[in-house]
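**Student:** Sequence lines, in order, name chains A and B.
Taking full-length UniProt numbering, the leading residue of the first sequence gets 1, the next gets one more, and so forth.
Taking full-length UniProt numbering, the leading residue of the second sequence gets 1, the next gets one more, and so forth.
These aren't lab readings, by the way, just hints derived from the structure by calculation.
Any given hint might turn out to be false.
Simulated DEER-style distance windows between Cβ atoms [claimed, not checked]:
| hint | chain 1 | residue 1 | chain 2 | residue 2 | range |
| --- | --- | --- | --- | --- | --- |
| 1 | B | Ala346 | A | Ala303 | 48 to 58 Å |
| 2 | A | Pro217 | B | Arg153 | 34 to 44 Å |
| 3 | B | Ala215 | A | Ala303 | 22 to 32 Å |
| 4 | B | Leu208 | A | Ala391 | 36 to 46 Å |
| 5 | B | Arg399 | A | Leu476 | 26 to 36 Å |
| 6 | B | Asp173 | A | Asp398 | 34 to 44 Å |
| 7 | A | Arg399 | B | Glu289 | 48 to 58 Å |
| 8 | B | Gly310 | A | Ala307 | 43 to 53 Å |
| 9 | A | Leu476 | B | Arg153 | 36 to 46 Å |
Residues of chain B clear of chain A, computed beta-carbon distances all greater than 12 Å [what the hints assert, rightly or not]:
| hint | residue |
| --- | --- |
| 10 | Asp8 |
| 11 | Pro152 |
| 12 | Arg240 |
| 13 | Asp294 |
| 14 | Ala319 |
Derived list of chain B stretches under chain A, where covered just means 3 residues or more per stretch with a C-beta under 8 Å from a C-beta of chain A [stated by the list, open to error]:
| hint | stretch |
| --- | --- |
| 15 | 15-25 |
| 16 | 55-67 |
| 17 | 72-86 |
| 18 | 91-105 |
| 19 | 129-135 |
| 20 | 430-437 |
| 21 | 443-456 |
Think of the CB as a built atom: it goes at the ideal place given N, C-alpha and C, for glycine as much as any other residue.
One-letter residues, chain by chain:
Number of protein chains: 2
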Amino acid sequence: MTEQTTDDVARRAAAAYPATSQAAPAVRADALRRAAATLGDHTDELVALAQEETGLADARLRGELTRTRVQLRLFAGVVEDGTYLDARLDEADPDFVLGPRPDLRRTLWPVGPVLVFAASNFPFAFSVAGGDTAAALAAGCPVVVKAHPGHPRLAERVAALVSGALTEAGLPDGALQRVAGQDAGVALLEHPAVRAASFTGSQRVGQLLAARAAARPDPIPFHGELGSVNPVLVSAGALRERGDELLAGYVASVSGSAGQLCTKPGFLLVPEGTAYDDAVVAAASAVAEHRLLDRAIADRYDARVAAALGADGVRVVHAGHLRRDADGHGWATPTIAAAPLDAVRAAGPALLDEVFGPFSVVVEYPEGTDLAGVVAELFPGNLTVTLHLGAREDAPVDRLARHAGRLLFGGWPTGVAVTPAMQHGGPWPATTTDATSVGTAAIGRFLRGVAYQDAPQSLLPPPLRDDNPWNVPRTLSPRGASAAW
Amino acid sequence: MTEQTTDDVARRAAAAYPATSQAAPAVRADALRRAAATLGDHTDELVALAQEETGLADARLRGELTRTRVQLRLFAGVVEDGTYLDARLDEADPDFVLGPRPDLRRTLWPVGPVLVFAASNFPFAFSVAGGDTAAALAAGCPVVVKAHPGHPRLAERVAALVSGALTEAGLPDGALQRVAGQDAGVALLEHPAVRAASFTGSQRVGQLLAARAAARPDPIPFHGELGSVNPVLVSAGALRERGDELLAGYVASVSGSAGQLCTKPGFLLVPEGTAYDDAVVAAASAVAEHRLLDRAIADRYDARVAAALGADGVRVVHAGHLRRDADGHGWATPTIAAAPLDAVRAAGPALLDEVFGPFSVVVEYPEGTDLAGVVAELFPGNLTVTLHLGAREDAPVDRLARHAGRLLFGGWPTGVAVTPAMQHGGPWPATTTDATSVGTAAIGRFLRGVAYQDAPQSLLPPPLRDDNPWNVPRTLSPRGASAAW
Numbered sequence: 001m002t003e004q005t006t007d008d009v010a011r012r013a014a015a016a017y018p019a020t021s022q023a024a025p026a027v028r029a030d031a032l033r034r035a036a037a038t039l040g041d042h043t044d045e046l047v048a049l050a051q052e053e054t055g056l057a058d059a060r061l062r063g064e065l066t067r068t069r070v071q072l073r074l075f076a077g078v079v080e081d082g083t084y085l086d087a088r089l090d091e092a093d094p095d096f097v098l099g100p101r102p103d104l105r106r107t108l109w110p111v112g113p114v115l116v117f118a119a120s121n122f123p124f125a126f127s128v129a130g131g132d133t134a135a136a137l138a139a140g141c142p143v144v145v146k147a148h149p150g151h152p153r154l155a156e157r158v159a160a161l162v163s164g165a166l167t168e169a170g171l172p173d174g175a176l177q178r179v180a181g182q183d184a185g186v187a188l189l190e191h192p193a194v195r196a197a198s199f200t201g202s203q204r205v206g207q208l209l210a211a212r213a214a215a216r217p218d219p220i221p222f223h224g225e226l227g228s229v230n231p232v233l234v235s236a237g238a239l240r241e242r243g244d245e246l247l248a249g250y251v252a253s254v255s256g257s258a259g260q261l262c263t264k265p266g267f268l269l270v271p272e273g274t275a276y277d278d279a280v281v282a283a284a285s286a287v288a289e290h291r292l293l294d295r296a297i298a299d300r301y302d303a304r305v306a307a308a309l310g311a312d313g314v315r316v317v318h319a320g321h322l323r324r325d326a327d328g329h330g331w332a333t334p335t336i337a338a339a340p341l342d343a344v345r346a347a348g349p350a351l352l353d354e355v356f357g358p359f360s361v362v363v364e365y366p367e368g369t370d371l372a373g374v375v376a377e378l379f380p381g382n383l384t385v386t387l388h389l390g391a392r393e394d395a396p397v398d399r400l401a402r403h404a405g406r407l408l409f410g411g412w413p414t415g416v417a418v419t420p421a422m423q424h425g426g427p428w429p430a431t432t433t434d435a436t437s438v439g440t441a442a443i444g445r446f447l448r449g450v451a452y453q454d455a456p457q458s459l460l461p462p463p464l465r466d467d468n469p470w471n472v473p474r475t476l477s478p479r480g481a482s483a484a485w
Numbered sequence: 001m002t003e004q005t006t007d008d009v010a011r012r013a014a015a016a017y018p019a020t021s022q023a024a025p026a027v028r029a030d031a032l033r034r035a036a037a038t039l040g041d042h043t044d045e046l047v048a049l050a051q052e053e054t055g056l057a058d059a060r061l062r063g064e065l066t067r068t069r070v071q072l073r074l075f076a077g078v079v080e081d082g083t084y085l086d087a088r089l090d091e092a093d094p095d096f097v098l099g100p101r102p103d104l105r106r107t108l109w110p111v112g113p114v115l116v117f118a119a120s121n122f123p124f125a126f127s128v129a130g131g132d133t134a135a136a137l138a139a140g141c142p143v144v145v146k147a148h149p150g151h152p153r154l155a156e157r158v159a160a161l162v163s164g165a166l167t168e169a170g171l172p173d174g175a176l177q178r179v180a181g182q183d184a185g186v187a188l189l190e191h192p193a194v195r196a197a198s199f200t201g202s203q204r205v206g207q208l209l210a211a212r213a214a215a216r217p218d219p220i221p222f223h224g225e226l227g228s229v230n231p232v233l234v235s236a237g238a239l240r241e242r243g244d245e246l247l248a249g250y251v252a253s254v255s256g257s258a259g260q261l262c263t264k265p266g267f268l269l270v271p272e273g274t275a276y277d278d279a280v281v282a283a284a285s286a287v288a289e290h291r292l293l294d295r296a297i298a299d300r301y302d303a304r305v306a307a308a309l310g311a312d313g314v315r316v317v318h319a320g321h322l323r324r325d326a327d328g329h330g331w332a333t334p335t336i337a338a339a340p341l342d343a344v345r346a347a348g349p350a351l352l353d354e355v356f357g358p359f360s361v362v363v364e365y366p367e368g369t370d371l372a373g374v375v376a377e378l379f380p381g382n383l384t385v386t387l388h389l390g391a392r393e394d395a396p397v398d399r400l401a402r403h404a405g406r407l408l409f410g411g412w413p414t415g416v417a418v419t420p421a422m423q424h425g426g427p428w429p430a431t432t433t434d435a436t437s438v439g440t441a442a443i444g445r446f447l448r449g450v451a452y453q454d455a456p457q458s459l460l461p462p463p464l465r466d467d468n469p470w471n472v473p474r475t476l477s478p479r480g481a482s483a484a485w
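Next comes chain A alone, as it looks inside the complex:
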């Protein structure tokens, strides 16, 4: 894509903004539901294309497509509900405690055209019509998706289907656009018309893009989900109660989708002396090989595993393989390593940085170790921290909550529920902002507050008009209320 056409895309998005931002909730909701419907109508075609381009399994892709459609419909409900606008109306008050107060009304409002960098590992749910796009469209923002090169034909097809659905619902042509290529992505990230960006991918690329967004003459919000090692803390009590089930669950969580998930547990912390080898080997050797998403990911996986295994004090519990097929694709089975806590501490980034793929490390900690302290020291920023406790065991939950967006008590962090209470975002490097990219709260990333002072009714946006044509919930501060302050 040339510079000229990148500029055209940005201008088209800017031109679409008045219509997308002012479209009534019913129109936006209808558009999202039509997008979900058309994806459903083309399931077989899309899943076949995705499978060919990504190597992900049929069942996984069908499930992911369903999730993607549910996300779109979930946000349709968010738009219709209107609570997300946080509309506030302060009545003019001549007796306000600080002197006469004007009529003041505030709503959250779509930030403008949004640039979405698609991920490779979820060709539906974090790609062209994925969660970021659904949230931004729900907010009323035109979206430009920078397609991931890992599934270019799928991206093109989904973009065509969804844009068509949006247009049928009455949204303008530029409501959803797709661009390809790194240069186009960067050019758009730096384009004045683009008002916010979201990204799901590696820490290295995310940091580069975040720096670009911050270096603009007018910096814009950059919501990046960069990586997470998702430590799982296991107590002696939990192992006694359900050791075998726990270790099998661990290997399954590490291996699903060949470990190419942002919530894959990268470290399992168990008490010194735990006998885990047999259970891990039994589970890991039963896992069928799985293709890695693309050749570059296979290369990086190979290098990262070698670096991690090369650290002093690290031993292999189960050695997986990485086989190259005739096309150069890598096919992997899980590799599980182990190391004493002191060795992990000494190894540094070679072992501590995320390994994207089916690799994980069992860390053996001495009795009496302060596990929250270990998390703070070695794994300070995560999407998730998981605790496996014995019955009625206590844990320093408040300290652990500083290092993750989601705390799990039992279970496994992979398999992220798309629901109102999800938080998929945590301290650096998990995400670049405190926002979530999964669940209904994700819409907040694409909104900003705007207040209107003493505005005539005809010039107010619908959520703030006296007659409340969008019928949104509003918080009222009537005159006289300040007497209670």
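Based on these hints, arrange chain B on the given structure of chain A.
**Tutor:** Here is chain B on its own, set in the frame of chain A:
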């Protein structure tokens, strides 16, 4: 302050965090109200100190202290109300549309120790016990204030009074601390224990600090309010209806507190051919001289006014003076300049950048000018844009809303109401994030989402427990609800 003691301050804040974050709403509200009360009890002493150090007028300072106390009490109400936590409870659902869903609960939670850079121009309301501190304490965050050197003794006294009040309410010693000096501020901004920062001041300093926050190994949110020129757009109709009142109001808004307000109108756009000189001169020549806050501000004001007046096509409508007293302080009366729109466009930053002090420019625009286009081109990021329209005149409100946090219809942007619907934050360079620093929504800057999956009741934070001990409003997603998605 030495590096050692800066580290001590950060550690004390970190040590206070468990107690401040877990303090019941009643305790935090009581602490905020006690802080307001002690400031009220010491009004005469504090106002005298402030007057000596800042040169601001007695009435203005008394009003500002009242506002500061109201802010603290307003946030006490926010804490008691609990809506700000956005607590969400998703019931476990075996029939969830995407497969069995766990019990998932999410609340916003205090981000950790917050560093507040105090402003010079509001020695009470944006300083040690100002809006940022009130919002952060309300959220449950320990606060370290980097005092402004413009009012060091006042800062010390307010810190002592307010810390005492917080401690009496049961908050720990480190709930509010004060440091002085640029080095201490930067050291704390880079300290691992500090989890967010806020700033009110110049664009130059704000950009430097924002870059430091972003360059940390673990970048943290930096909420900076950096500057704004607050254009006021006047139609021919408005001038016909109330020209004299409007021009007098303009000069008053430019001159109040010697123009040292972030919402001072820097530009008044009027139709070519408007006769405004006499009214402006009459109003401006009646303004008594006012001390500028400190010598450095006087120096910068002098230089900026000279640069602005040196631009081609700029003429002086009313020449104010800048007198130095024996202590080197600057005393100013307003200077109002004027220029045709084309000259403003050609002059660039010399004229367009904010001038902090009682200076403003009347811009004459040709009939038929697209004023929203002018704002987008010349004044893209503002705290406020003000419209003075004639009766029933229309305006491109949606386009203007992209360039300001608050749109006013009539009136003047100075005098910011502290209420739920206020938005004091706008596109760059007005603020570094989309957040507001005034009004109850300001608490959102110091919170982050945390989700708990399948947590035992005893390990949940109070807002998420079944018995809801803090009695906060919550949004429930019962099992079965996803069928409607």
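**Student:** Does each hint fit the structure? Answer for all of them.
**Tutor:** Results of checking the hints against the structure:
A hinted range of 48 to 58 Å holds for the C-beta pair Ala346/B and Ala303/A, which are about 55 Å apart. Between Pro217/A and Arg153/B the beta carbon distance is about 39 Å. The supplied range of 34 to 44 Å therefore holds. For the pair Ala215/B and Ala303/A, the beta carbons lie near 27 Å from each other, so the given range of 22 to 32 Å is met. In this structure the hint that Leu208/B and Ala391/A lie 36 to 46 Å apart at CB is violated, the actual value being about 53 Å.
Distance hint check for Arg399/B and Leu476/A: the Cβ-Cβ separation is about 28 Å, which falls inside the suggested range of 26 to 36 Å. A hinted range of 34 to 44 Å for the beta carbons of Asp173/B and Asp398/A is inconsistent with their spacing of about 19 Å. Range check, Arg399/A to Glu289/B: about 56 Å between beta-carbon atoms, so the 48 to 58 Å window is met. In this structure, Gly310/B and Ala307/A break the distance hint of 43 to 53 Å, their C-beta atoms being roughly 60 Å apart.
Taking the beta carbon of each, Leu476/A and Arg153/B are about 42 Å apart, inside 36 to 46 Å as hinted. The claim that Asp8/B is not at the interface with chain A holds, since no C-beta of that chain comes within 12 Å of its own (minimum 19 Å). The beta carbon of Pro152/B is kept farther than 12 Å from every beta carbon of chain A, the shortest such distance being approximately 27 Å. The beta carbon of Arg240/B sits about 18 Å from the closest Cβ of chain A, which is more than 12 Å, so the claim that it is off the interface holds.
The beta carbon of Asp294/B sits about 26 Å from the closest Cβ of chain A, which is more than 12 Å, so the claim that it is off the interface holds. The Cβ of Ala319/B lies farther than 12 Å from every Cβ of chain A, with a closest approach of about 32 Å, so its non-interface assignment holds. With 3 residues bearing a CB less than 8 Å from a CB of chain A, the stretch 15-25 of chain B meets the requirement of three and the coverage assertion stands. Counting residues of the stretch 55-67 of chain B whose CB falls under 8 Å from any CB of chain A gives 3; the rule of at least 3 is met.
Coverage of the stretch 72-86 of chain B by chain A holds. Counting CB-CB distances below 8 Å, 5 residues qualify, and the rule asks for three or more. Proximity of the stretch 91-105 of chain B to chain A, defined as three or more residues with a beta carbon under 8 Å from a beta carbon of that chain, is established by the 8 residues found. Against chain A, the stretch 129-135 of chain B contributes 0 residues with a C-beta closer than 8 Å to a partner C-beta. That does not satisfy the three-residue criterion, and the hint is violated. As drawn, the stretch 430-437 of chain B meets chain A at 5 residues by the rule of a beta-carbon pair under 8 Å; at three or more, the given contact holds.
Under the rule that three or more residues need a Cβ within less than 8 Å of chain A, the assignment of the stretch 443-456 of chain B holds, with 10 such residues.
Against the hints set out earlier in the document, violations occur for numbers 4, 6, 8 and 19.
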